Amino acid sequence: DTEVTQTPKHLVMGMTNKKSLKCEQHMGHRAMYWYKQKAKKPPELMFVYSYEKLSINESVPSRFSPECPNSSLLNLHLHALQPEDSALYLCASSQVVGRSTDTQYFGPGTRLTVL
Amino acid sequence: SQQGEEDPQALSIQEGENATMNCSYKTSINNLQWYRQNSGRGLVHLILIRSNEREKHSGRLRVTLDTSKKSSSLLITASRAADTASYFCATDFQGAQKLVFGQGTRLTINP
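Chain order of the listed sequences is A and B. Mapped onto this note's numbering, the consecutive letters of the first sequence carry residue numbers 1 to 115. Mapped onto this note's numbering, the consecutive letters of the second sequence carry residue numbers 1001 to 1111.
Since the hints were made in silico from the structure, they are not lab data. Note that the structure is a prediction, hence the values are computed from the model and not measured. Please note that the accuracy of each hint is not assured.
[Unchecked claim] Partial list, computed: chain A residues near chain B (C-beta under 7 Å): (1) G14; (2) M15; (3) P43; (4) M46; (5) Y51; (6) T103.
[What the hints assert, rightly or not] Below are the SDA-like pairs computed for lysine to any residue, each with C-alpha atoms no more than 25 Å apart in a straight line: (7) A:K41 / B:E1053; (8) B:K1026 / A:A39; (9) B:K1069 / B:A1019.
Cβ atoms here follow ideal geometry from the backbone N, Cα and C, with glycine treated the same way.
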C-alpha cells in the first residue's frame, strides 16, 4: 500500500472556528510532512516529523498546530485562521528524514477555504 | 530563497510532440527529483537523478543534470493528453532534511 490519505478533501471554516486536518499512511514511513500550496505556486514546507517528533518548523504561525500521535498518523490543528491561509494543504511521507534518495509520497490534499 | 526556477512557466504543445522543461537551482545538491501534479491534486514522484549522474531514463522520460551549471532538464517524448499537469523539480536542502521545489512548469497537451 503506497497510499497517503487525507481527510477531509474540502474544508470551509470561519476565522473563529477550530478544525483539524488528518493524514494517514501505512507504509511504515518514519518521516511525515505538511506542505501548504497556493494556486500556481510550488508546495511550501511547513513542518517535518521524524520518528513522531517535530524536526522542522518553518516559522509557521501558531494558529497552525501539528500533532503526530503515532507513526501512521499526522494531524494539523487549525485555529483562528485568516483568509490568506486558504490553500491546498498537502501531507507527505518518506522512509526517514535526511536521506536524499528517499521519495516523498503525497496525499491528495485538503482544499481549505477560510471565510 | 532557496527555491529553484523553472523554465518555461507554461508550455502548450500538440499531442505526440516532445516537451522539454528546465530547472535551475542555487545550492549544491546530493540529488534532484522531478514530480508531477495533476490539477489540484497531490504530487507524484517521477524520477530521481543523483549528483554524480548526467542522464537518466524512465519510460518516456529523460532527465539530464549539469551540476556545473546547477541545472536539470526533463524531456517527455511522444506526449499524451494525460501528461497535462504541472511539473516540479525538487532539490534536497539542509542535509537532505527537506526538499525545496522549483516554481514549476504547467504543461498542456492539446489533442
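Tested hints:
1. Because the smallest distance between the Cβ of A:G14 and any Cβ of chain B comes to about 23 Å, over 7 Å, the interface hint for this residue is violated.
2. Here the hint on A:M15 is broken, as its CB sits about 24 Å from the closest CB of chain B, past 7 Å.
3. A cut of 7 Å between beta carbons decides the hint on A:P43: the least distance to chain B is about 6 Å, and the hint holds.
4. Residue-level restraint check for A:M46 is violated (minimum Cβ-Cβ distance to chain B is 11 Å; threshold 7 Å).
5. At about 13 Å, the closest approach between the beta carbon of A:Y51 and any beta carbon in chain B exceeds 7 Å, and the interface hint on this residue is violated.
6. The beta carbon of A:T103 comes within 4 Å of a beta carbon in chain B, closer than 7 Å, and the hint placing it at the interface holds.
7. The suggested pairing of A:K41 with B:E1053 is violated, with an alpha-carbon distance near 28 Å, which exceeds 25 Å.
8. The suggested pairing of B:K1026 with A:A39 holds, with an alpha-carbon distance near 24 Å, which does not exceed 25 Å.
9. Our distance criterion of 25 Å between C-alpha atoms is met by B:K1069 and B:A1019, whose separation comes to about 21 Å.
Going down the numbered hints, you'll see the structure goes against 1, 2, 4, 5, 7, while the others check out.
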